[in-house]
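Heads up: the protein sequence lines correspond to chains Y and L, in order. For the working numbering, count along the first sequence from 1 and bump the result up by 28. For the working numbering, count along the second sequence from 1 and bump the result up by 39.
Hints may be right or wrong, so weigh each one.
Unchecked claim - Dumping the calculated DSS-like pairs for lysine-lysine here, alpha-carbon to alpha-carbon at most 25 angstroms:
| no. | chain 1 | residue 1 | chain 2 | residue 2 |
| --- | --- | --- | --- | --- |
| 1 | Y | Lys65 | Y | Lys234 |
| 2 | Y | Lys234 | L | Lys170 |
| 3 | L | Lys170 | Y | Lys68 |
| 4 | Y | Lys65 | L | Lys190 |
By construction, these hints were calculated from the structure, which means they are not laboratory data. This structure is a prediction, so every number in the text was calculated from the model and none was measured.
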Amino acid sequence: MSVAQQMPVNERGTPLRAVRRNGRWAGYRHLLASRMKEMKREPEVIFWVFGFPLLLALGLGIAFRNKPADVSSIAVVGSEAQSVIGLLEHSPRKASIKADVLDEAAALKGFRVGKYDLVIESDGKGGFKYVYDPARPESVLSRAEVDHALQAAAGRQDALSTVTVVSSEPGSRYIDFLIPGLIGMNVMNAAMWGIGFAIVDMRQRKLLKRFVATPMRRSDFLLALASSRLVLMTVEVGMLLGFGALVFKMQILGSIPTILLIGASGALGFAGLGLLTASRSQKIESVSGLINLVMMPMWIFSGVFFSYERFPAVIQPFIKALPLTALNDALRATILEGATLGAQSGRLLVLALWGGISFVLAVKWFRWT
Amino acid sequence: MPTAIQCRDLRKTYDGKVEAVRGLSLEIQAGECFGLLGPNGAGKTTTIEILEGLLAPTSGEVTILGRTWQKDSRELREWLGISLQETRLSEKLSVRETIELFASFYSQPRSSDEVLKELQLEEKADAWVGKLSGGQRQRLAVATALVGNPKVLFLDEPTTGLDPQSRRQLWDIVRAFQRNGGTVLLTTHYMDEAERLCDRLAIIDHGQVIAEGTPLDLIERLGGHHVVEFEASGESGDGAALEHWQALPGVESVRHDDGLVCLNVREPHLTIPALLEAVQKRGSQLQHLTTRQASLEDVFVRLTGRHLREA
Ligand SMILES: Nc1ncnc2c1ncn2[C@@H]1O[C@H](COP(=O)(O)OP(=O)(O)O)[C@@H](O)[C@H]1O
Ligand SMILES: [Mg+2]
Numbered sequence: 029m030s031v032a033q034q035m036p037v038n039e040r041g042t043p044l045r046a047v048r049r050n051g052r053w054a055g056y057r058h059l060l061a062s063r064m065k066e067m068k069r070e071p072e073v074i075f076w077v078f079g080f081p082l083l084l085a086l087g088l089g090i091a092f093r094n095k096p097a098d099v100s101s102i103a104v105v106g107s108e109a110q111s112v113i114g115l116l117e118h119s120p121r122k123a124s125i126k127a128d129v130l131d132e133a134a135a136l137k138g139f140r141v142g143k144y145d146l147v148i149e150s151d152g153k154g155g156f157k158y159v160y161d162p163a164r165p166e167s168v169l170s171r172a173e174v175d176h177a178l179q180a181a182a183g184r185q186d187a188l189s190t191v192t193v194v195s196s197e198p199g200s201r202y203i204d205f206l207i208p209g210l211i212g213m214n215v216m217n218a219a220m221w222g223i224g225f226a227i228v229d230m231r232q233r234k235l236l237k238r239f240v241a242t243p244m245r246r247s248d249f250l251l252a253l254a255s256s257r258l259v260l261m262t263v264e265v266g267m268l269l270g271f272g273a274l275v276f277k278m279q280i281l282g283s284i285p286t287i288l289l290i291g292a293s294g295a296l297g298f299a300g301l302g303l304l305t306a307s308r309s310q311k312i313e314s315v316s317g318l319i320n321l322v323m324m325p326m327w328i329f330s331g332v333f334f335s336y337e338r339f340p341a342v343i344q345p346f347i348k349a350l351p352l353t354a355l356n357d358a359l360r361a362t363i364l365e366g367a368t369l370g371a372q373s374g375r376l377l378v379l380a381l382w383g384g385i386s387f388v389l390a391v392k393w394f395r396w397t
Numbered sequence: 040m041p042t043a044i045q046c047r048d049l050r051k052t053y054d055g056k057v058e059a060v061r062g063l064s065l066e067i068q069a070g071e072c073f074g075l076l077g078p079n080g081a082g083k084t085t086t087i088e089i090l091e092g093l094l095a096p097t098s099g100e101v102t103i104l105g106r107t108w109q110k111d112s113r114e115l116r117e118w119l120g121i122s123l124q125e126t127r128l129s130e131k132l133s134v135r136e137t138i139e140l141f142a143s144f145y146s147q148p149r150s151s152d153e154v155l156k157e158l159q160l161e162e163k164a165d166a167w168v169g170k171l172s173g174g175q176r177q178r179l180a181v182a183t184a185l186v187g188n189p190k191v192l193f194l195d196e197p198t199t200g201l202d203p204q205s206r207r208q209l210w211d212i213v214r215a216f217q218r219n220g221g222t223v224l225l226t227t228h229y230m231d232e233a234e235r236l237c238d239r240l241a242i243i244d245h246g247q248v249i250a251e252g253t254p255l256d257l258i259e260r261l262g263g264h265h266v267v268e269f270e271a272s273g274e275s276g277d278g279a280a281l282e283h284w285q286a287l288p289g290v291e292s293v294r295h296d297d298g299l300v301c302l303n304v305r306e307p308h309l310t311i312p313a314l315l316e317a318v319q320k321r322g323s324q325l326q327h328l329t330t331r332q333a334s335l336e337d338v339f340v341r342l343t344g345r346h347l348r349e350a
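Construct the complete structure from the given sequences, taking the supplied hints into account.
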């Protein structure tokens, strides 16, 4: 049976009966829902957006976890190694020194690869030789520590009496520094890829052209893309914060709405940049290169993994003008120090300028076909 | 009958170099199924995309349902249903979700269920687009065009690369739309499609209309009614020989095609006896002889000296 026979045949010339009437926002709602469904059904997206940042946080959090800083790993070599061990055993600081006895070659190899902080050799006349690396902080520490332990074991008395207080509060650890940086980086990555890649992909598939061949409002399309970023940003930020709080006992001092508002400013700012990078590219390859080019300086300079204060003072103004720097700083200030939204207005302005200017240029240059 | 689509002296030059469309005029009536037939690179897509308001012409005017793209684009978008030559719809959305998405752009769309049924996609309604066959994808592309309840349907090579059954399914869909009062403009490089589906067509080559009319009219005017093809031993294909065959009774035109001599004839029963006699007189022997109805392919070859496929 042919299709034609199944169709209700209307009188010639009358259009088919319209069955429904769409409201102003029907297109926007469907575009947003489709976008969310598509992302949900893409396993790679789930991994890069959610899995990867968590793995990164976990990996770096463990690698740089604050091990009790005063445990020194040392290698003892030579014929009188056992007497060195014996002296250390009697030291009041023996808990903070872990000593192995080895032959010289193995000890030096272990020292080279960072397994040992220090190598000790007895000179056979009651004296010791230290092999250490002045460029390695833990090596320097270790020498001081071991020297102190040996001298004390040999009977030296402290001339001054001192007291130390241990400070390893949540809030000042590396993981506390890292999590807001990862949130910022993730908001940037997700917004740049989520907008830039998605648009060029749709352009390459001629889907953008197909969309503009309908009465779809172009502003609805862009709004739906931006909205999908905001929804995802909320999930990403919540997830990383929750992860930090649960796994690493991180304390979140700022209010959640403030943190989310800052995240939203970041997501929108980078969405503008993403739109700009995607405004004309016809090929995925070219936009990928462009996105990486834009993000690269920020990975390095914007203080994701380490503080940008380490860079020379002359480039500090340039670093502070980068959108990711503004986002990371604002996130750290609120999450770690409980700063208010108002106190972050300068940084939010940087984000708004980047996003706003990019958006205006993007719309001006944008190609739908 | 009112004019649905009209264009005058369309020109399109890409990058100041490639003249894709060179002075093309068309007038398509409401309720008609009109075809643009031409080989690859003839300028069909460029022409249809200008008419669809997706591409700006270098010069020329377009009127659709009495409106222009400059002034009434919003209204026109509601009235037109468009399927592009190649659109890859999102693979991870289902058929129904895709149709619903397109429906949401129109102020008064048809119901998705009705369209699904009409395009025989009900069974696949919940399947992802990525899992569809070529024919199903093409039907979905047409479904996204029909769901807006259009007055005019534009289809750019709707059946290219499809199997015969899928092609016939699509033809039925187009005919049904037309029966409900719709106007159709389609492009194709299949002459059988143009012949069977279109009320009228324009043959396009190098960005120009080289012939226009109903398929039958074109064949009668330019293809000859019948084609007699033969091969005779010892016959060189030179001009003198061709003139000789041209002089046979009832022959309208003669050409060489791939080692065969092709005669366009009005009445084969007069020509064939004369042909046999002439071959004998010249002392050569027939090695091959067929007669068939003329087709649009013959029209195209007659006009351009090339076949549609290889052009
Ligand atoms: N975007 C473009 N830029 C440059 N040349 C193009 C472009 N699109 C099409 N062309 C050229 O214009 C001519 C007509 O192309 P097209 O309209 O696609 O023909 P058809 O659809 O009949 O195959 C071809 O020579 C093609 O190479
Ligand atoms: Mg084409």
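Hints and how they fare:
no., hint, in the structure
1, Y:Lys65 - Y:Lys234, "20 angstroms, holds"
2, Y:Lys234 - L:Lys170, "19 angstroms, holds"
3, L:Lys170 - Y:Lys68, "17 angstroms, holds"
4, Y:Lys65 - L:Lys190, "32 angstroms, violated"
In summary, the structure is inconsistent with hint 4 from the numbered list given earlier, while agreeing with all the others.
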